[in-house]
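Colleague: The listed protein sequences derive, respectively, from chains V and G. When the first sequence is numbered by the numbering used here, its final residue is 466 and no position is left out of the sequence of numbers. When the second sequence is numbered by the numbering used here, its final residue is 259 and no position is left out of the sequence of numbers.
Do not take every clue at face value.
To be verified - Calculated lysine to aspartate or glutamate pairs in the DMTMM-like style (CA-CA distance at most 25 Å, straight line): (1) Lys263(V) - Glu17(G); (2) Lys190(G) - Asp241(G); (3) Lys248(G) - Glu17(G); (4) Lys263(V) - Glu73(G); (5) Lys86(G) - Glu337(V); (6) Lys257(V) - Glu236(G); (7) Lys86(G) - Asp414(V); (8) Lys23(G) - Glu188(G); (9) Lys257(V) - Glu188(G); (10) Lys58(G) - Glu296(V); (11) Lys257(V) - Glu17(G); (12) Lys257(V) - Glu259(G); (13) Lys263(V) - Glu236(G); (14) Lys97(G) - Glu337(V); (15) Lys257(V) - Asp82(G).
Hints in this document: simulated from the structure, not taken from any laboratory.
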Amino acid sequence: MAPHHTSDYQTGELKSRDLSYPTGGGISYKEVNDDVVRTMTQTGKWYYIALAGAVSGFLAFWILPWAYQIYTGQGVTGLNTPDFWGIYLTNFVFWIGISHSGTLLSAILFITKTPWRRSIYRSAEAMTFFSVATAAVFIFVHMGRPWNFYWTVPYPNQRSLWLNFQSPLMFDVFAISTYATSSMIFLYFGSIPDLAAVRDRVTGWRKQIYSMLALGWRGTDSEWHWLFKAYTFFAVFIIPLAVSVHSIVSWDFALSKVPGLAKTIFAPYFVVGAIYSGSAGIVTLMIIFRKAMKLEKYITLNHFDKLGMLLLVMSLLWSYINVIEVFTGWYANTSPENETLIYRMFTTPYAYMFWLMIFTNTILPLLFIFKKCRTSILACVVVSLGINVGMWLERYLILTTSLPRKFLPYMWHDYIPSWVEISMTLGSFCFFAMLFLLFVKLWPSVSIYEVKEDIGIPMRKGGGHH
Amino acid sequence: MSGFLERIAGKLKSYREPGYYTKLDHKWTMVIDLDKCNGCEACVVACYAENNLPVVGKEDCAKSRAFSWLRIERYVEGEYPDVKVKFIPVMCQQCMKAPCETGCPVYATYHNQDGLNVQVYNRCVGTFTCATYCTYDVRRFNWFTYKWPKPLEAQLNPDVSVREMGVMEKCTFCIQRIRSAKDKAKDEGKPVKDGDIKPACSQSCPTGAIYFGDLQDPESIVAKLAKSPRRYRLLEELNADPSVIYLKRVMGDGTTSHE
Chain V
1 MAPHHTSDYQ
11 TGELKSRDLS
21 YPTGGGISYK
31 EVNDDVVRTM
41 TQTGKWYYIA
51 LAGAVSGFLA
61 FWILPWAYQI
71 YTGQGVTGLN
81 TPDFWGIYLT
91 NFVFWIGISH
101 SGTLLSAILF
111 ITKTPWRRSI
121 YRSAEAMTFF
131 SVATAAVFIF
141 VHMGRPWNFY
151 WTVPYPNQRS
161 LWLNFQSPLM
171 FDVFAISTYA
181 TSSMIFLYFG
191 SIPDLAAVRD
201 RVTGWRKQIY
211 SMLALGWRGT
221 DSEWHWLFKA
231 YTFFAVFIIP
241 LAVSVHSIVS
251 WDFALSKVPG
261 LAKTIFAPYF
271 VVGAIYSGSA
281 GIVTLMIIFR
291 KAMKLEKYIT
301 LNHFDKLGML
311 LLVMSLLWSY
321 INVIEVFTGW
331 YANTSPENET
341 LIYRMFTTPY
351 AYMFWLMIFT
361 NTILPLLFIF
371 KKCRTSILAC
381 VVVSLGINVG
391 MWLERYLILT
401 TSLPRKFLPY
411 MWHDYIPSWV
421 EISMTLGSFC
431 FFAMLFLLFV
441 KLWPSVSIYE
451 VKEDIGIPMR
461 KGGGHH
Chain G
1 MSGFLERIAG
11 KLKSYREPGY
21 YTKLDHKWTM
31 VIDLDKCNGC
41 EACVVACYAE
51 NNLPVVGKED
61 CAKSRAFSWL
71 RIERYVEGEY
81 PDVKVKFIPV
91 MCQQCMKAPC
101 ETGCPVYATY
111 HNQDGLNVQV
121 YNRCVGTFTC
131 ATYCTYDVRR
141 FNWFTYKWPK
151 PLEAQLNPDV
161 SVREMGVMEK
171 CTFCIQRIRS
181 AKDKAKDEGK
191 PVKDGDIKPA
201 CSQSCPTGAI
211 YFGDLQDPES
221 IVAKLAKSPR
231 RYRLLEELNA
241 DPSVIYLKRV
251 MGDGTTSHE
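Extracted from the complex, chain V is given alone in its bound form (with noise of 0.2 Å):
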């Protein structure tokens, strides 16, 4: 964390500290300043493009729309009887999934002093929090009176009512904004000196935003310990809070009696789960922002060449609980498992998708065995969205296999989402857009002082001797 540095100060060699790490040979430390502030104060056409796309998207396909539901009712939805959840918690499942991986990444790679974590954890660590905002509206969407949504939280009131804690919903509400508010304090912590080496290079108003968030940084030796110390306890914190927290959300589905949800596997499965779509997530995301942003020193091959092994571990770990819980369910030979099994597996429409996140997420990500794979970007961004797509669906046949076929036939209907679910869909991909596309331009995304850990010090031309 505190810059100190292999270099070899006797001889004046330098060395970076991992050789495998390219980003070592060629930047300077001023480069690196002069990089990342100009992500931030130099903004093209495209840019401004991309946020208005995004911002009328969220406007058109999500506000709209949500209001409409407001107004009239939750009945304009596709929800019925047995099928009271679909796309909303579809998409609540899948956002908190996205937000898995990048703060728990960056806390596992901090922690096992990772090097090639440097120059993505921050944009990793913005996803995540924007993603479990996206999420947390989600939660608001589906409910059927959001203006009372207050009621959820344990505030004191006249009237003497009170939360229900053995609701799952309960621990989720708890879970999701611990959840949420640490996951900001790490980001917040570990920008703390970049935001003071912004700070000393701009002007104007934003010399006066960034002065206030760098808390009067100076960098001198006991800031550079109490920073270490204080990120190092939340990188520790983090690692449970983020198992527990989708173990939670599998609960909302888990501690029920509904078969196909009712599941013991289902904690680890989720949170298996949630990590392998949120590294899809970061590699997508990475591909794009590296591209747009112009950071392909920083963000190179060697990082996704990583990131492909870890995808190949987590779709093994994914298949292998898959399978389990699909033969456990079929030996049992339980009616209502069965049930559920069928018409998750072999009915139309479900089938098609079954078998497309079977493909998507167990066969393709074998393509990382190979190192070529795994340094191609092309092969980097069919991978990622199609693990992204396939774990959508995981969640989406979930619920919608599973409600459908509860214990009472007479009451067995199927749900087919309306254009108003459909859209909030599409809205709440425009949302994160939005929110990252203004996370790039209001704040260092690629840590400075990290990156320069793994370059060499400055040395004098023809120096080496002081």
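Fit chain G to the supplied structure of chain V, relying on the hints for placement.
Modeller: What follows is chain G alone, placed relative to chain V:
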């Protein structure tokens, strides 16, 4: 060592029992004699009239959004000409260990002192959890704010609130009738007598297939019927401890049938 383990197991088991079990004022129970039920659906209509249930129309009905708190489930068995059509009335089973109650984050559904699973409309925020967790699919959601065309609004029952959109609801065992019977008994200074309370479905049943009463009163008709060898409860194996008891239908060949 094994004694210690047994003690812990006993403790854990006792924690799973809701605390209200031993101290209920009443335990309202419904007994439905399937042998008497002819599937006429008079109970369903009576329920609509008594509890201000909206009629949602053809389209929403096809989307499975019909409001019937009480429904007659029909099942067809076999191929023509050897067909058996079976039916069973299903309403909220007022489970004593209800999965819906643990799901609600704001206590909009909870267990009251009468052993009833009650729904507080004003507290409901509409998270759908109760309905998702319900294994009998008896919960109904107000997808819209339903309006009664004139002059039908004049026939609304003044004892029952008209619900607004975004709120979950379900069979209450006609709690308004239970309340008024209890009030009356209290005014007279007497306990509620068996037969004082008749939910709308029970009142309207032409064959008298639906019995209602307090299971805690050993002299009540439901307590006696509950001992019948034909007794069973719907999805009993799920351990939700439902309060509705069914009596199996006796078929022509002397066998009994669940539906």
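Colleague: Just to be careful, I want the Cα atoms of Lys86(G) and Glu337(V) compared with a cutoff of 25 Å; is the pair within it?
Modeller: Given that 25 Å is the threshold and the Cα spacing comes to 24 Å, the pair holds.
Colleague: Against the 25 Å threshold, does the CA-CA distance of Lys257(V) and Glu17(G) hold or violate the hint?
Modeller: Distance ~17 Å between Lys257(V) and Glu17(G) Cα, so the pair holds.
Colleague: Keeping to a limit of 25 Å between CA atoms, is the pair of Lys263(V) and Glu73(G) held or broken?
Modeller: 28 Å, violated
Colleague: Starting from Lys257(V), check that the Cα of Glu188(G) is at most 25 Å away, please.
Modeller: The given pair, whose Cα atoms are some 44 Å apart, is violated under the 25 Å limit.
Colleague: Regarding the pair Lys257(V) and Asp82(G), is the alpha-carbon distance no greater than 25 Å?
Modeller: Outside the cut-off at roughly 35 Å; violated.
Colleague: Take a quick look at whether Lys257(V) and Glu259(G) sit within 25 Å of each other, Cα to Cα.
Modeller: 23 Å, holds
Colleague: Lys23(G) and Glu188(G) were given as a pair; does the straight-line alpha-carbon distance stay at or below 25 Å?
Modeller: Within the cut-off at roughly 24 Å; holds.
Colleague: Is the straight-line distance between the alpha-carbon of Lys263(V) and that of Glu17(G) 25 Å or less?
Modeller: 22 Å, holds
Colleague: Can you confirm whether the C-alpha distance between Lys97(G) and Glu337(V) stays at or below 25 Å?
Modeller: Status holds; Cα separation ~22 Å.
Colleague: For the pair supplied as a hint, Lys248(G) and Glu17(G), confirm whether the alpha-carbon distance does not exceed 25 Å.
Modeller: Status violated; Cα separation ~28 Å.
Colleague: With the threshold set at 25 Å, check whether the alpha-carbon distance from Lys190(G) to Asp241(G) stays at or below it.
Modeller: 30 Å, violated
Colleague: Is Lys263(V) within 25 Å of Glu236(G), Cα to Cα?
Modeller: Given pair Lys263(V), Glu236(G) holds - Cα atoms ~20 Å apart, limit 25 Å.
The structure does not agree with the numbered hints 2, 3, 4, 9, 10, 15 stated previously, though it agrees with the rest.
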